[in-house]
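Those protein sequence lines, which keep their order, are chains A and B. To convert, note that position 120 of the first sequence is 120 in the numbering used here; the numbers rise steadily by one, no gaps. To convert, note that position 532 of the second sequence is 532 in the numbering used here; the numbers rise steadily by one, no gaps.
Keep in mind that a hint or two might mislead.
Heads up, the list lumps identical chains together, so a pair's fine if it works in one copy or across two of them.
With a cut-off of at most 35 Å between alpha-carbon atoms, the simulated DSBU-like pairs for lysine-lysine come out as follows [stated by the list, open to error]:
#1 Lys464 to Lys18
#2 Lys98 to Lys287
#3 Lys134 to Lys181
#4 Lys285 to Lys94
#5 Lys181 to Lys164
#6 Lys134 to Lys287
#7 Lys548 to Lys94
#8 Lys193 to Lys134
#9 Lys548 to Lys11
#10 Lys507 to Lys147
#11 Lys507 to Lys130
#12 Lys188 to Lys116
#13 Lys181 to Lys570
#14 Lys116 to Lys193
#15 Lys287 to Lys18
#16 Lys11 to Lys262
#17 Lys188 to Lys365
These aren't lab readings, by the way, just hints derived from the structure by calculation.
Number of protein chains: 2
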Amino acid sequence: MSPKITTELLKQLRQVMKNPKYVQEPVQAYIVPSGDAHQSEYIAPCDCRRAFISGFDGSAGTAIVTEQHAAMWTDGRYFLQAAHQMDGNWTLMKMGLKDTPTQEDWLVSVLPEGSKVGVDPFIIPADQWKRMSKALRSAGHDLVPVKENLIDTIWTDCPQRPCKPLITLDLSYTGVSWRDKIVALRSKMAERKVMWFVVTALDEVAWLFNLRGSDVEYNPVFFAYAVIGMNTIRLFIDGDRMMDPAVREHLQLDSTLEPEFKIQVMPYGSILSELQAVGAGLSPKEKVWLSDKASYALTEAISKAYRYLTPYTPICIAKAVKNAAETEGMRRAHIKDAVALCELFNWLEKEVPKGTVTEIIAADKAEEFRSQQKDFVELSFATISSTGPNGAIIHYKPVPETNRTLSVNEIYLLDSGAQYKDGTTDVTRTMHFGTPSAYEKECFTYVLKGHIAVSAAIFPNGTKGHLLDSFARSALWDCGLDYLHGTGHGVGSFLNVHEGPCGISYKTFADEPLEAGMIVSDEPGYYEDGSFGIRIENVVLVIPAETKYNFKNRGSLTFEPLTLVPIQTKMIDVNLLTEKERNWVNEYHQKCREVVGAELERQGRHEALRWLLRETEPLARVQ
Amino acid sequence: MSPKITTELLKQLRQVMKNPKYVQEPVQAYIVPSGDAHQSEYIAPCDCRRAFISGFDGSAGTAIVTEQHAAMWTDGRYFLQAAHQMDGNWTLMKMGLKDTPTQEDWLVSVLPEGSKVGVDPFIIPADQWKRMSKALRSAGHDLVPVKENLIDTIWTDCPQRPCKPLITLDLSYTGVSWRDKIVALRSKMAERKVMWFVVTALDEVAWLFNLRGSDVEYNPVFFAYAVIGMNTIRLFIDGDRMMDPAVREHLQLDSTLEPEFKIQVMPYGSILSELQAVGAGLSPKEKVWLSDKASYALTEAISKAYRYLTPYTPICIAKAVKNAAETEGMRRAHIKDAVALCELFNWLEKEVPKGTVTEIIAADKAEEFRSQQKDFVELSFATISSTGPNGAIIHYKPVPETNRTLSVNEIYLLDSGAQYKDGTTDVTRTMHFGTPSAYEKECFTYVLKGHIAVSAAIFPNGTKGHLLDSFARSALWDCGLDYLHGTGHGVGSFLNVHEGPCGISYKTFADEPLEAGMIVSDEPGYYEDGSFGIRIENVVLVIPAETKYNFKNRGSLTFEPLTLVPIQTKMIDVNLLTEKERNWVNEYHQKCREVVGAELERQGRHEALRWLLRETEPLARVQ
């Protein structure tokens, strides 16, 4: 991976930063956030402005360009990747390290007095705007909205915004009709005494209307906003997708409906002016509910006295708790996904020793096996197929320049997943196709102990996920090892593979309490820079637990793994496991055998079934 | 404990809330916070205004009185106590429970439109003022400072503010001279580019000048403020204490000193006007550093553009990391404290079966034994001496109305500590003088497992204490049990028994990372309402740990118990312990034997020594 040469681009950007055609007054710094106008984590090519200007294309990062400097903030997952992708014009700001300045502190330290700092108001979330604006103002600078996106002005071959056909999901997938979701939303609105709710996140629009799209790779969403009133529904969406009879039927666009369920379809670009009109027509005490992560532009459309901002919207919270139809769909998706991975690992076991399988070939093969499964739609994220030292790059994605050949001498880490019409998967397995060293087994076993500690944890109802993060690290900590990422994220149901409001991380304290029906990942790891990476990830469902004393009826929770792919026993140093941990592995493998074995049998995949049976032999007690 | 009758007092308060002699405009609500003007947790009798108006005298709580209502917010430690101490005029607001409104929300729900809410600006911290003021303003109300404290106007027999003699501490206790502390503080000020630092917390003033007092029971502090400039030192303190030759010598008040170390002594009451004068004389870019918990009155003395507020002051952070002299002092204090408790428990074992020992007698006896130890000053908090159901009242303090007789049929919980000139102690032991039930042993053992999980935890340098909280709960959670308080708090060195900025709690995310030299408590518990309470508390020192891989030189930390008092083995169900946990108990007891045994021997306390030897017999492996 050679870095992108950005000298000329930065020169152009610095010119438009002073060009009165685009800015009212020259800006001395310009911020290029990661997101799109919906604060999406995964974005469409036309929104990859930060990658365009810097070369760094990881999923998280913020670029700031001043007249003299260009700096990039990103987190521990991307330190290596960003360093590889950016040229000498850029300074890497390693977030989470003690000496790394915040964006605000850095700006204050480099800007001349009384500077203007520009940003696209549609791209920056309102909460970030507020924090940044306050810090800059107190140091004598100004954060200013620049209407025209300055990157777009220099991005001559910027791709078009996608506008792909929609998929409608019936009750067998969603469990609840869009009408009932609107009714539930309006009842939450009534509880909080708000008259309007603005849906800005793409996965929230998709979930609310039981529609899916493919405008953003890996995320089955489509570009749209919605504004829900107590008696009106407005959907802001472009293209002829609303001409599709299936969509019209699904949304009952041509039916005679009670007016409060009649959907008004409006152009995507009209959201700001429509919202401003809503804002102008409010009478006192009529509040408008927005996410505090909604864009500064939309938030400003409602004057401050009328805004009701929350970190998580009622849709975000409702979406996180999967109903029976969604849970069953997720189970089915994970069984199919396991079938594909049994096929893959069986194939790799035979092919790797020949020295012909590269990381890219392995990733493609994984996609091929997945695509053979029913209701497969696409991958749920770019496959991390990494061997040896590449495994230590936490969010690595193989490209021709880095592509390494799998061998019997190196650890192979595969973090991959898919979108099926019935669910979303995300699984990491770490395999060795030769003989792992004692040290590799030791590290793997600590990671496994952490994985089990979370998966088997029992905790009272109302516990927030971040309180479980240290359980995943304890075995590593005991030996002086750790990993620089969180332990788990929420997972959507045929939706985004990363979703809020729950998760398991030492970093997140704003997470909502875990409750039965939520789905998160459990993925501790260990990374030895320049040498290997280990991660063991299952997607797990929060379920009620049986305990002896049941917290005086407060109730207990635990996790049930939805992922059912063998954990390579060859990598385990059984001496380091407690009896309880050994039993957990054996019971888990027993379940893989029964559930995935039956499906392999049904699909007539006998060789993969034999592989599964061999890989799930119980661990013997040692000594 | 019968409730305080407050009908008449509330009537008087409601009158002064409208009396133009005290308020510019009538206030429709008046807030009575817990703290004093220094935001102390423990306060002098003259500052116990909330207890005076409500009857509830726990350490944490905020009262709000409106024309119609009187409400008290407090946390889980005090739900039972507050309910017992307050009469029917008061509504108890149980903080931490889901349905309990915040003070702001409650005020908004009960106040008539356009209300004024009054508060003493010296008593309310600036951060709380800001939050409260903003919430009230957005609902059309106003938070207003009421100069004269309204409780004081109706409190006819309010005691005088104490003004006791000071104790000077030499280098053998403090390790660092006050001059060197001033130098270090000024260097932190220079780093942050501030010209002035205002010391508002009483323990910070005491620590900075290596002085102690006894103005507040249990806390060796004295009423004072300090304002440190880059070239000046102002100490605001009342009374003739500055006439004491030892104090004058210690502070070098009569020596010819470089001007920047010359202490100007000023009256306590002149802090506001002096600070206003400092504020008025600032040139641009001259900032004044205050804690964000400093009072609204003092914070407002400096105009906003000149304020530099932080949650933890540099003194708070420096004070938390104990140097070698302080650590050695804390060790000595804990050995003496253990001697006293060995005496006590030996005595209780003989006396309890006679049926003549009450909770109060036991508490007094504990104080008697402690007072026999060298350099004993006073207790470090009100002794929690509680048996049977009283043990479930987390911050119980025996009074004649509740005083229960210890018996061989009930669990006894003693949470107590002392101030010695060389250190502060805080220890909880839970004992049974007869035969505990299987359930009591089971619960005790889970609590012990949690205590050990924290005490033996190994974690990377830079870890915040709250990440360790769940370790203390895991064994309880597995069986559906939990406790409604944090796991640990910082402990001062011959200073406040509760101090920041570190701790171990699921509630605190603003804690500073743990580092070697910090001292915290480790005190999980379990409480069965109406039946018994269990808590096992040691004070522990953060020390570097040896690990196999040492986090790639990031370094590891763990804890060393300073408390060396046997944990009653009779209460342990050895079957529930892992081998590692059993070894921990045996090694801990071995250390108690060696260290405390030698001191008991030296002090000629042979009977207590025999008790110690018996109580520290190693746990045998079961089965």
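For each hint, the structure was consulted:
Proximity of lysine 464 to lysine 18 under the C-alpha cut-off of 35 Å is found in neither arrangement, the shortest distances being 47 Å within a copy and 45 Å between copies. Proximity of lysine 98 to lysine 287 under the C-alpha cut-off of 35 Å is restricted to the inter-copy arrangement: shortest distance 24 Å between copies versus 41 Å within a copy. Taking identical chains as interchangeable, the C-alpha atoms of lysine 134 and lysine 181 lie at most 35 Å apart only when they sit on different chains, with a minimum of 34 Å there against 38 Å within one chain. Taking the shortest Cα distances, lysine 285 and lysine 94 sit within 35 Å of each other only across copies (29 Å), while inside one copy they are farther apart (44 Å).
Within a single copy, lysine 181 and lysine 164 get their C-alpha atoms as close as 24 Å, which meets the 35 Å cut-off; across copies the closest is 67 Å, which misses it. Within a single copy, lysine 134 and lysine 287 get their C-alpha atoms as close as 25 Å, and across copies as close as 17 Å, so both meet the 35 Å cut-off. For the identical chains of this complex, lysine 548 and lysine 94 are inter-copy neighbours only, at 27 Å across copies versus 46 Å inside a copy, given an alpha-carbon limit of 35 Å. With identical chains, the CA atoms of lysine 193 and lysine 134 are at most 35 Å apart both within one copy (29 Å) and between copies (19 Å).
In this homomeric assembly, lysine 548 and lysine 11 never come within 35 Å of each other (Cα to Cα): the closest approach is 67 Å inside a single copy and 50 Å across copies. When the C-alpha separation of lysine 507 and lysine 147 is checked against a cutoff of 35 Å, the pair qualifies only within one copy, where the shortest distance is 33 Å, while the shortest distance between copies is 42 Å. Taking CA atoms no more than 35 Å apart as the test, lysine 507 paired with lysine 130 passes in both settings, with 21 Å inside one copy and 26 Å between copies. Taking identical chains as interchangeable, the C-alpha atoms of lysine 188 and lysine 116 lie at most 35 Å apart only when they sit on different chains, with a minimum of 30 Å there against 40 Å within one chain.
In this assembly of identical chains, the alpha carbons of lysine 181 and lysine 570 never lie at most 35 Å apart, being 48 Å within a copy and 58 Å across copies at closest. Within a single copy, lysine 116 and lysine 193 get their C-alpha atoms only as close as 38 Å, which misses the 35 Å cut-off; across copies the closest is 24 Å, which meets it. For a Cα distance limit of 35 Å, the shortest separation of lysine 287 from lysine 18 across copies, 34 Å, qualifies, whereas the shortest one inside one copy, 39 Å, does not. Taking identical chains as interchangeable, the C-alpha atoms of lysine 11 and lysine 262 are never at most 35 Å apart, the minima being 51 Å within one chain and 56 Å between chains.
For a Cα distance limit of 35 Å, the shortest separation of lysine 188 from lysine 365 qualifies neither inside one copy, at 46 Å, nor across copies, at 58 Å.
The structure fails to meet hints 1, 9, 13, 16 and 17 from the earlier list, while all remaining hints are met.
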